[in-house]
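S.K.: What follows is the residue order along each chain.
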Amino acid sequence: MSLILEIRDLWKAYDEVQALRGLNLEVKRGEIFGLIGPNGAGKTTSLKIVVGLLSMDKGIVKVDGRNIREELYEYKRLIGYVPESVSLPEYLTLEEFLIYSGKIREIPNDEIKERISFFLRVFELEDRRKSLILSLSRGMKQKAAMAAALLHDPALLILDEPLVGIDPMGQHKIKELFSERVNEEKTVFISTHMLDTAERMCDRVAVIHKGRRIASGDLSSLRRISEEGGNATLEEVFLKLTEEKAEEERSIFSEDIRRQK
Amino acid sequence: MSRLLDVYFAKVKIVLGAFKASRINLFLIFIYLFGVVFGCFGMGVAVTEAIRRGLDLSAYVDEFSALISLGLAVTMITSFRGFIVFDYEESLFFTSTITPWIFLAASILSDLTIFSIFFGPFFVLLGIIVVSLSLSPMIVLLLFTVAILSILFVLFLKKAFSILISVYAGSAIQHILVVITVLLLLPAIRLVYPFPIRYSGLPYPSTFIAEALLHLLSGKHPPSISLLGVFSYFISSLMLLFFCSRKDIFRYARAVPFFSPFDTSMKAQTIKMGQNIRLFSKIGLKFTLNLRSESLFRFLIKKEMTRMIRDGSLFAVLIFYIIVLIISVATKSAGDSFPAWLFILAIYSLIVPTMLVTNWRIGELNSLWIPLTSGVNLKIFFSSLLYALVLVSIPIPIGAIVILSFITHPNPILPLVLVVSASMIGSSVNLFVMIHFLGKRRRTTPGFMIGWISLLLSSVLISPAYVYVAFSLIFKFNSQIHLAFGAGLLVYSYLIFRFFLKKLERKVLNIEI
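Chains as they are written, first to last, in the numbering used here: chain H, 1 to 261; chain F, 1001 to 1513.
In isolation and in its complexed conformation, chain F is listed as follows:
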């Protein structure tokens, strides 16, 4: 037991160790937790209110089960990479007398610890519902037991399947796992298309979990079969993991560079970026940087565009909006999907600038010494970067909107305003926040925290666009009002863009690397 705890504490300390690099990280974690707890609180109140007004949660078993099943399928897909360990685990634990069982148990415990830091606030959601609805102690006990057993089931399954993939590489077991993944994906069809088969009648683990959780949240005793099902799947996954731990698994492990979400060295991301460049430069080398008579500003925009083509950023944006197109076309027959489509667009157009700026940080931070020591006017350098980000994040969604306006929706003004506003505000805010955290004493802030702050600030500043979209859906604005509001919002977005550009130009002089 003490050895298990030793391995567990070592793993947790190594992952969380980088967190201590800066005092500001504590503040940022607090902001993150505050945001999530606040969101969960709101969601908890909304669900409680809906149940009080007579909403029968148990009627949504099919939909909830489909969501869980999709999550399980995604987990399975990630386990197809095989038994992956960090390089430090290979050199520290695999060369010692630690057994596979101790290593696996410690890994799952540490995964659970890290998981609880990020997703712990979701238990607030359960807590709010439990307290507001005054559920009986027995129901509460069962609710938390089912939730924890379900999480453990997923963790055990992921670990066990990744080991099986590595140990039995090239055998029939891989085909079996592919079949299981496909079976798990089937209920998810229901999320995008009204599929006739009711998977909730079948003994899927997701069905048992959904049925048990939704009944318990409604204050009802779930059917015994669902409780038995959850427990049986949990025991089966535990036995499977135990079976895997009896193998000599260490020699099948594939070591990858260590990466902690709190790590600011960006070692792992930089390696991944190198793989992307190898892949995308095959296409990207057709676009070259030449010596032409053009301004430095234009040259630097071209250079940033070249980077985004060759590191796969542009491709990722394309994929984002191709998914939007597919979902929109697929759900066309399922009635008026315009609000849902706008919602997806709103989320995506907010995420795209964060992704682009994060990719810039991973790819460029280490070579930022070149412009910083060159004597180039840093205002020109960073404003060209900002314009390049806007140039990439606007045309692709506009293309998607134009295509969709031909296929499904006649009025493209609403999505166009949303996308242009989100791109201008999102790009300028994200870049400003990123540069802010390159200043003195802030360099040790992890990238995901910077992304989180940027997302929060962007979403607050884009909220007038969201309000406009919501009002236009409720009050069914005519074209004149659309044009007036749209023009107003574009002016507002441009002013925000200019404001952060000016702030950015002052901020770049404080960069320290």
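Extracted from the complex, chain H is given alone in its bound form:
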């Protein structure tokens, strides 16, 4: 399978805090890829750089071979993005919001109309078509954002904590939708700290810790890397890997202190 997303040696700092330290990731076409890591690992920062909301200090990010620095607009047209806390233009109705999302992606009018009807049906939001976004629940807003992100049928769908705030029925629909996309050779890239979700949904995952990738692969290869048994859950593997890394860093730090003394 060819690569849809390539991240090479990605660095990012906020003032004195180093959020990413040479992150490398490769996501293949036609898979559901999960990015997992503890709080402050750099998941959201990586995602924001990939979708163009943050600039990088150093590194290369490519989607389908297009470099974000060289072909910004063509690059972005390949992506659909839903952030963790969705904030939408509350003064628009749901239908107007989706028209707006379609228009700015330059989708032809007849296709916008058709796809809006399709996604409103899929997400069971048809009866809220004329409602102001302001009046929608959090879960409905999440679904609306998801519909907007899928409207232009992107090659790479990027989601930050996609299932938070969505009811079980909605979660089921979304999982089905992801499977359909994978069957169509499209890619879904999710960042989550819900390890059970990642385990059930993702074909492959990458574990990041303090801005670096510490492991990646499918669950069986992660079990091998972490030397956990064949029945180990992703949670057990994750805890082992991050604890090992933390222990390693602690020993390096102690060694440094000893040397300085």
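Just so you know, these hints were derived from the structure itself, not from any lab. Hints are supplied without guarantee of correctness; some may be wrong.
[To be verified] Computed Cβ-Cβ distance ranges for the label pairs, DEER-style:
no.	chain 1	residue 1	chain 2	residue 2	range
1	H	Glu176	F	Asn1290	29 to 39 Å
2	H	Asp15	F	Phe1499	27 to 37 Å
3	F	Ile1398	H	Glu176	16 to 26 Å
4	H	Glu236	F	Gly1082	52 to 62 Å
5	H	Glu71	F	Ile1474	56 to 66 Å
6	H	Asn183	F	Val1256	48 to 58 Å
7	F	Gly1082	H	Asp15	36 to 46 Å
8	F	Pro1257	H	Glu84	14 to 24 Å
9	F	Val1256	H	Glu84	25 to 35 Å
10	F	Val1256	H	Asp15	28 to 38 Å
11	F	Ile1513	H	Arg69	16 to 26 Å
12	F	Trp1101	H	Thr233	50 to 60 Å
[Said to hold, decoys possible] Not close to chain H: a few residues of chain F, all C-beta gaps over 12 Å, as computed:
no.	residue
13	Thr1078
14	Val1182
15	Ile1398
[As the list claims (entries may be wrong)] Covered stretches of chain F (in silico footprint by chain H; criterion: 3 or more residues with CB under 8 Å from a CB of chain H, positions within the stretch not fixed):
no.	region
16	1287-1293
17	1305-1313
Computed from a predicted structure; not experimentally measured. C-beta: ideal position from N, C-alpha, C; glycine also.
With chain H's structure known, arrange chain F on it following the hints.
M.R.: Frame of chain H, contents of chain F only:
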């Protein structure tokens, strides 16, 4: 005492804490203070010079008293919202053993601290006058005492009345407070209409304050009755506040989301914007965004217009200019009000773009991720926003000017040029500055600071229009000169507009959210 200081320091730290989010804030505060101190210095020199040339300030007690009375009435009106506290105050202090008196005293002290940061430079004005006129130490002492007692009187009164409104909701006390507010508003009629009754003869607090301050500024000893009046009102407000603190006021408080002027999260403003959308969308839903065959640019302008209708921005602009119309018509009989009217128009046309861009920031910043990640050409996106701002800020004042030219003033060229220039320059400068502060490491700048910088920069760039207006009033230009200058100024404004549009188109690529 230590508990009072604890509460006081906690409140001040919470309000000013957000200020530390960015180093640039210190620089912006410096610019703000520099601007205000500079303005106060100029005003101080002007007042001193006028007094030296024989201006008798004590002759203006009526007018100054009317202004203070208007300020008091506005303060009273704000207290009708009841006893409002921030959500953090409710959870932090009301659940502890802190007494209402400690809470109220700490609140007033912290209000005074925040007040002194923003309005402290106005004491420079008093300082300049005191030093330039070499006033005696006794007069200086009295001047600053009266000024401070007056400020405390207003703060005590506002706090006490807001508590009374909440504690005695639905009782006769509310009617009494309404009557007091109306009485306080009466002297303000004098500001717009030559009213026959002289309120300065009545024992209004504003009269005592105005009389004492103006006499002291002239270097004269004020009448004892005015000093006694200021002191009596101060003591009465203190006693009223003390009376309120004896009540179980915490259970009457209404908590609202915390908002600091230095806060960049815009939580409170966003909630307020939501209330506006609920209110104005009832009318605004008649204007809908449809799928039509039109360019993306036109569609985005329509979308921005829809926002401005539904979030109340358009309504606010309308209200602005309706007030101008009312004042102009009301003062028509009071002689030639054209310069005053132009002055109001100049101020308003400068403020309107700042207000519109600030509303855009509050309503759109959180959902800016949508266009930024969509692949839409950001140059088209932001230039359509700029054109929408101009389209809203020009036609309404033009309508007001046309109406007024029928009622009062025959020559509309002067105000038209002023409004169009201010709108084009103001909108482009405000949007450029706003986008500039969405760049890397600048996102933590508070909105009011951005607005302040935009206002400063706009006013500098609009100054040729102001010079033109001033010259035309002094030299009484004929129509040909008006047309020539007007056309020149419009070209100048358009060039400024284009310049900032080009800068903006480059700047949008640096936005980080």
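S.K.: Each of the hints needs a verdict: does it hold here or not?
M.R.: Status of each hint after checking the structure:
1. Glu176(H) - Asn1290(F): 29 to 39 Å: This hint holds: roughly 32 Å between Cβ atoms.
2. Asp15(H) - Phe1499(F): 27 to 37 Å: holds (33 Å)
3. Ile1398(F) - Glu176(H): 16 to 26 Å: Once the Cβ atoms are compared, 56 Å apart, the range 16 to 26 Å for glutamate 176(H) and isoleucine 1398(F) is violated.
4. Glu236(H) - Gly1082(F): 52 to 62 Å: holds (55 Å)
5. Glu71(H) - Ile1474(F): 56 to 66 Å: The hinted range 56 to 66 Å holds for glutamate 71(H) and isoleucine 1474(F), with Cβ atoms some 58 Å apart.
6. Asn183(H) - Val1256(F): 48 to 58 Å: holds (51 Å)
7. Gly1082(F) - Asp15(H): 36 to 46 Å: holds (42 Å)
8. Pro1257(F) - Glu84(H): 14 to 24 Å: holds (21 Å)
9. Val1256(F) - Glu84(H): 25 to 35 Å: For glutamate 84(H) against valine 1256(F), whose Cβ atoms are near 26 Å apart, the range 25 to 35 Å holds.
10. Val1256(F) - Asp15(H): 28 to 38 Å: The hint (28 to 38 Å, Cβ to Cβ) holds, given that valine 1256(F) and aspartate 15(H) are roughly 32 Å apart.
11. Ile1513(F) - Arg69(H): 16 to 26 Å: About 19 Å separates the Cβ atoms of isoleucine 1513(F) and arginine 69(H), which means 16 to 26 Å holds.
12. Trp1101(F) - Thr233(H): 50 to 60 Å: holds (58 Å)
13. Thr1078: With a cut-off of 12 Å, threonine 1078(F) remains clear of chain H, as the shortest Cβ separation is near 27 Å.
14. Val1182: Correct as stated: the minimum Cβ-Cβ distance to chain H is 37 Å, above 12 Å.
15. Ile1398: holds (26 Å)
16. 1287-1293: holds (count 6)
17. 1305-1313: holds (count 4)
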